[in-house]
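K.L.:
If you're matching them up, the sequences are chains H and C in order.
Every letter in the first sequence is one number past the one before it in the UniProt record's numbering, and letter 129, counting from 1, is 129.
Every letter in the second sequence is one number past the one before it in the UniProt record's numbering, and letter 117, counting from 1, is 117.
Hints are computed from structural coordinates only; laboratory data are not their basis.
Fair warning: this is a prediction, and the values are worked out from it, not measured in the lab.
A hint or two may mislead.
Chain copies aren't distinguished; within one or between two, either way the pair holds.
The list that follows gives simulated cross-link-like pairs (lysine-lysine, DSSO-like), each with its CA atoms no further than 27 Å apart [unchecked claim]:
1) LYS161 with LYS119
2) LYS95 with LYS161
3) LYS161 with LYS122
4) LYS39 with LYS161
5) LYS95 with LYS39
6) LYS26 with LYS119
7) LYS26 with LYS122
8) LYS119 with LYS95
9) LYS39 with LYS26
10) LYS95 with LYS26
Protein chains: 2
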Amino acid sequence: MSPIAHRLSIPVYLRGLGVLSSYLDKAEAFAASRGVDAKTLVDARLAPDMLNLAGQIQRASDTSKNAIARLTGGAAPRFEDNETSIAELRERIAKTRAFLQSVDEPAFDGSETREIALKTGKLDVTFTGLDFLLQFALPNFFFHVATAHAILRQQGVPVGKTDYLGPFA
Amino acid sequence: MSPIAHRLSIPVYLRGLGVLSSYLDKAEAFAASRGVDAKTLVDARLAPDMLNLAGQIQRASDTSKNAIARLTGGAAPRFEDNETSIAELRERIAKTRAFLQSVDEPAFDGSETREIALKTGKLDVTFTGLDFLLQFALPNFFFHVATAHAILRQQGVPVGKTDYLGPFA
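Just chain H, with the same shape it has in the complex (with noise of 0.2 Å):
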């Protein structure tokens, strides 16, 4: 079986960037259907002080590329959040999974224990891998997708739960 840390991290990771992908193509025929421009929809946010769209994109891509970096102690590229545009928007997703799917499964063994320290300005803890996954990068993960749902759903483009979830065989 597949070490379960990247069980954990890479099908999830390539499932939620695909469902933000499909947000997109469902932003994109709002905006043509209203004749709404879409960069509204880009810079659409919640609140003044929170990320727009086009934000909470970026930061998804970075918290899941950022994790696998972390977890098989490989390094991620790094992008430069310069996207304006649902185009540019896919290619980020595109490129993030396209190094998602670059890890192999055996870059995972022992990361489910290996130790992760995060420094930011708010957070100064060390997990374990699996703790990592389960209390910081997939929350944050999901923190991203969903806040984008809620983003587009304010502004009236119709995405449900079952678009959250995405696609089931």
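Once you've looked at the hints, dock chain C against the given chain H.
P.N.:
This is chain C only, laid out in the frame that chain H set:
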């Protein structure tokens, strides 16, 4: 070590429900400091056809307790979804936490591969226990925590990402 489906569910849900409780504390303090009726926050929603704050907490409660029942083959308590105040929502969370804490680790033996069939109005899918957690139960839970966060944030309640992630030891 604990069964992996236990590690992926009970402590994750307890943590998230603790975050929701902390949001209620912040909402109550905000209402008091602004002379606002806290009921305004309990009833707030992001879009007319989305659930309000009470509904998000009720769904977070349901999706966590019901997931545990499905994984363990046990039964979850039923609640009436009649909470209309911060005090009642706090009680709903406490009852949900008490149920989660009552389920012991051995109940999860075999749950990772247990077949779980989910039929709702919009879904008809059969998972293994692990896929059920990763593709449905955890994303769904975080959706409601993040949406509760978004509702409060939009109402001006000072909740931030560190509140959403919860305290680290």
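K.L.:
In ascending order, which of the hints set out earlier in this document are inconsistent with the structure?
P.N.:
none
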